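> This is what each chain is made of:
Number of protein chains: 2
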Amino acid sequence: MIPQLPAADEVFAAAARIAGRAATTPVLRSRTLDALAGCTLFLKAEHLQRSGAFKFRGACNAVAALDAEAAARGVVTHSSGNHGAALALAARERGIPCHVVVPEGAVGAKLANISRHGAVLWRCAPTQAAREATCADVAAQTGASIVHPYENRLVIAGQGTAALELLDQAGSLDVLVAPVGGGGLAAGCALALEVAGRGCCLLLAEPAGAADAAHALAHGAPPQDFVPDTVCDGLRARIGAPNLAVLRAAGAEVAVVDDAATLEAMRLAWQVLKQTIEPSSALALAAVLARAPQLAGKRVGVILTGGNVDLEALPWRA
Amino acid sequence: MIPQLPAADEVFAAAARIAGRAATTPVLRSRTLDALAGCTLFLKAEHLQRSGAFKFRGACNAVAALDAEAAARGVVTHSSGNHGAALALAARERGIPCHVVVPEGAVGAKLANISRHGAVLWRCAPTQAAREATCADVAAQTGASIVHPYENRLVIAGQGTAALELLDQAGSLDVLVAPVGGGGLAAGCALALEVAGRGCCLLLAEPAGAADAAHALAHGAPPQDFVPDTVCDGLRARIGAPNLAVLRAAGAEVAVVDDAATLEAMRLAWQVLKQTIEPSSALALAAVLARAPQLAGKRVGVILTGGNVDLEALPWRA
Numbered sequence: 046m047i048p049q050l051p052a053a054d055e056v057f058a059a060a061a062r063i064a065g066r067a068a069t070t071p072v073l074r075s076r077t078l079d080a081l082a083g084c085t086l087f088l089k090a091e092h093l094q095r096s097g098a099f100k101f102r103g104a105c106n107a108v109a110a111l112d113a114e115a116a117a118r119g120v121v122t123h124s125s126g127n128h129g130a131a132l133a134l135a136a137r138e139r140g141i142p143c144h145v146v147v148p149e150g151a152v153g154a155k156l157a158n159i160s161r162h163g164a165v166l167w168r169c170a171p172t173q174a175a176r177e178a179t180c181a182d183v184a185a186q187t188g189a190s191i192v193h194p195y196e197n198r199l200v201i202a203g204q205g206t207a208a209l210e211l212l213d214q215a216g217s218l219d220v221l222v223a224p225v226g227g228g229g230l231a232a233g234c235a236l237a238l239e240v241a242g243r244g245c246c247l248l249l250a251e252p253a254g255a256a257d258a259a260h261a262l263a264h265g266a267p268p269q270d271f272v273p274d275t276v277c278d279g280l281r282a283r284i285g286a287p288n289l290a291v292l293r294a295a296g297a298e299v300a301v302v303d304d305a306a307t308l309e310a311m312r313l314a315w316q317v318l319k320q321t322i323e324p325s326s327a328l329a330l331a332a333v334l335a336r337a338p339q340l341a342g343k344r345v346g347v348i349l350t351g352g353n354v355d356l357e358a359l360p361w362r363a
Numbered sequence: 046m047i048p049q050l051p052a053a054d055e056v057f058a059a060a061a062r063i064a065g066r067a068a069t070t071p072v073l074r075s076r077t078l079d080a081l082a083g084c085t086l087f088l089k090a091e092h093l094q095r096s097g098a099f100k101f102r103g104a105c106n107a108v109a110a111l112d113a114e115a116a117a118r119g120v121v122t123h124s125s126g127n128h129g130a131a132l133a134l135a136a137r138e139r140g141i142p143c144h145v146v147v148p149e150g151a152v153g154a155k156l157a158n159i160s161r162h163g164a165v166l167w168r169c170a171p172t173q174a175a176r177e178a179t180c181a182d183v184a185a186q187t188g189a190s191i192v193h194p195y196e197n198r199l200v201i202a203g204q205g206t207a208a209l210e211l212l213d214q215a216g217s218l219d220v221l222v223a224p225v226g227g228g229g230l231a232a233g234c235a236l237a238l239e240v241a242g243r244g245c246c247l248l249l250a251e252p253a254g255a256a257d258a259a260h261a262l263a264h265g266a267p268p269q270d271f272v273p274d275t276v277c278d279g280l281r282a283r284i285g286a287p288n289l290a291v292l293r294a295a296g297a298e299v300a301v302v303d304d305a306a307t308l309e310a311m312r313l314a315w316q317v318l319k320q321t322i323e324p325s326s327a328l329a330l331a332a333v334l335a336r337a338p339q340l341a342g343k344r345v346g347v348i349l350t351g352g353n354v355d356l357e358a359l360p361w362r363a
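Protein chains in written order, with the working numbering: chain A, 46 to 363; chain B, 46 to 363.
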């Protein structure tokens, strides 16, 4: 039994909780990309979400759902990326403490993004075991509530609100495309489709160098050894167990995309869409282009997940 | 007497003509930029307009206003930039011929952008006199209607629809900021404010290395010698006579901005807004930051004019 599995309608509760706090991001259209892809694209601009990625939705839902007593003790998580920054911002807005466990070697710019929202940073050794142990220690010491980056049911439901909005803004969709890493957004999308997108299929995009979800859906379980190797820095996490369960139940399909195609799509998005989306986001667009025959003539929604990129280190030759 | 001066309400007629053809671009908001600028910013995303810049509005209005006989003979202009591409696209959509006179040495990528919409390119020597003479020759030979990039009243009225929409989307504004080159957008904005933005001031932004409009407004006439020297490749044209007359009547102010500040603002927009706006657009944002004391606490609209940038040659160190 997996206690964290959210019921599909929790996505509606999440939408109510985060209304007025998370941004209702625009849906972008492009005749040029439609012609290239051979379908009608509805691109949900979550790189324009608060804190620069969709993750603010889940963090905000988790923080808003705490009762006053629990809230006063704060929240804690382990993350060196977008979830840490999102949780720090959501906590600051509710006026409660936020602790983020970050591994040695984490990127300076990302740490700055977390601490500028007032979170307390706790350093640990760069292993999964050390991150989880330190997180548990901080929770024990402070009484803070642990908010896992993607296995938490409130986080999953919060991420799903991006898909809810997209379905509403687009009118109807035949296919919804989203990247999958730990599976917070992916599972949230599956739930949103269950309650508001019957008839719409879920197509996930995963880096070839971190394709544990694809492996798990094809073979019944994630691979034994998992050493992520991809330029998609936001998608290196292992697929979560509750997340996998939701995806399996939803019949989600996974398109595995290599980094070269991802960077090609990233450049295309910057040139044509004029949006500085990060590699982990461009992956979804690359999947659409790769699956053009399957998507021909259809109404295809794509979640553009984030835009936290280092302009000094663009991945194509400049 | 300057026959081309449009009456202010021609902006409304333009809006009606281009409805459904030009895109109603979004207005972007940013808490980060608001904090930096000290005011409330409403950023009109014209870099997301069809053909990648606001110029499609004016071109579309000019093409749509032609009667059937004139339309059949087509349109002609001289431009190697955004106006040429915009006119080519507008003409193709009406199914009429388009001729664009381009000087020797014009950038290949921009030429490709014009010819891919089916326009006929006419080459000429790289001088203002040659451009105008060749344009007149083509018009005489083909009977095509000349559509000047910024002195044409229909073009001016069309550009003004960007400001009309922004005023409507923002609710009300205290200041409207737009870049000025030839003055098509600038004059259009002045007209829009006259009919829909009483109480809103017009603040133009001009490159220090091409500040002929600022000079003209300050000294009564444009400078004798004008050799543009700026990274803002969209703003090297001389201010048009009818345009200057409109701006003078509107009491427009000009903030002169150097290229360093412009590139700084461009980097900021790419990083914070996640929009790949071109230098000529970033100039307007640089002007806002430079004029922060004057704009403190106000509702400030900014037209982000275009996003046609060469990703291989970004102006900051990458």
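To be clear, the hints were calculated from the coordinates, so they are not data collected in a lab.
Values in this document were obtained by computation on a predicted structure and should not be read as measured data.
Beta carbons: idealized from backbone N, C-alpha and C, even for Gly.
Treat the hints loosely; a few may be bogus.
[What the hints assert, rightly or not] Pair by pair, the computed Cβ-Cβ distance ranges are:
id : chain 1 : residue 1 : chain 2 : residue 2 : range
1  : B       : Ala-80    : A       : Asp-182   : 50 to 56 Å
2  : B       : Pro-268   : A       : Glu-357   : 34 to 40 Å
3  : B       : Lys-343   : A       : Arg-161   : 35 to 41 Å
4  : A       : Ala-80    : B       : Lys-343   : 51 to 57 Å
5  : B       : Pro-273   : A       : Glu-357   : 47 to 53 Å
6  : B       : Gly-150   : A       : Leu-356   : 36 to 42 Å
7  : A       : Gly-83    : B       : Ser-217   : 27 to 33 Å
8  : B       : Lys-343   : A       : Leu-356   : 44 to 50 Å
9  : B       : Val-152   : A       : Trp-361   : 35 to 41 Å
10 : B       : Gly-65    : A       : Leu-166   : 40 to 46 Å
[Stated by the list, open to error] Just some of the chain B residues that point at chain A, by a computed CB distance under 10 Å:
id : residue
11 : Pro-71
12 : His-92
13 : Leu-93
14 : Glu-149
15 : Val-152
16 : Leu-156
17 : Ser-160
[What the hints assert, rightly or not] Here chain B is said to cover these stretches of chain A; the calculated rule only asks that three of the stretch's residues, wherever they fall, bring their Cβ under 8 Å from a Cβ of chain B:
id : stretch
18 : 88–101
19 : 104–118
20 : 136–142
> Each of the hints needs a verdict: does it hold here or not?
Status of each hint after checking the structure:
1. A beta carbon spacing of about 35 Å between Ala-80/B and Asp-182/A contradicts the range 50 to 56 Å that was offered as a hint.
2. At about 38 Å, the beta-carbon gap between Pro-268/B and Glu-357/A stays in the expected band of 34 to 40 Å.
3. Taking the beta carbon of each, Lys-343/B and Arg-161/A are about 26 Å apart, not inside 35 to 41 Å as hinted.
4. For Ala-80/A and Lys-343/B, the hinted distance range of 51 to 57 Å is not satisfied, since their beta carbons lie about 42 Å from each other.
5. Checking the proposed 47 to 53 Å range against Pro-273/B and Glu-357/A shows it is violated: the Cβ atoms sit about 30 Å from each other.
6. In this structure the hint that Gly-150/B and Leu-356/A lie 36 to 42 Å apart at CB is violated, the actual value being about 30 Å.
7. In this structure the hint that Gly-83/A and Ser-217/B lie 27 to 33 Å apart at CB is violated, the actual value being about 43 Å.
8. With their beta carbons about 29 Å apart, Lys-343/B and Leu-356/A fall outside the hinted range of 44 to 50 Å.
9. In this structure the hint that Val-152/B and Trp-361/A lie 35 to 41 Å apart at CB is violated, the actual value being about 20 Å.
10. Hint check: Gly-65/B to Leu-166/A, Cβ distance near 52 Å, so the stated range 40 to 46 Å is violated.
11. The interface hint given for Pro-71/B holds, since its Cβ lies 5 Å from the closest Cβ of chain A, which is under the 10 Å cut-off.
12. At its closest, the beta carbon of His-92/B sits 5 Å from a beta carbon of chain A; the interface hint therefore holds under the 10 Å criterion.
13. Interface restraint check for Leu-93/B: the shortest CB-CB distance to chain A comes to about 6 Å, inside 10 Å, so the restraint holds.
14. Here the hint on Glu-149/B is broken, as its CB sits about 26 Å from the closest CB of chain A, past 10 Å.
15. Hint status for Val-152/B relative to chain A: violated, with the closest Cβ pair at about 15 Å, above 10 Å.
16. Hint status for Leu-156/B: violated, given a least beta-carbon distance of 17 Å to chain A, over 10 Å.
17. Interface hint status for Ser-160/B: violated, as the beta-carbon distance to the closest one in chain A is roughly 16 Å, over 10 Å.
18. Given a C-beta distance limit of less than 8 Å, the hint that chain B covers the stretch 88–101 of chain A holds, as 4 residues qualify and 3 suffice.
19. Check result for the stretch 104–118 of chain A against chain B: violated, 0 residues qualifying (beta carbon to beta carbon below 8 Å, three or more required).
20. With a threshold of 8 Å between beta carbons, the proposed coverage of the stretch 136–142 of chain A by chain B is violated, since 0 of its residues qualify and at least three are required.
Against the hints set out earlier in the document, violations occur for numbers 1, 3, 4, 5, 6, 7, 8, 9, 10, 14, 15, 16, 17, 19 and 20.
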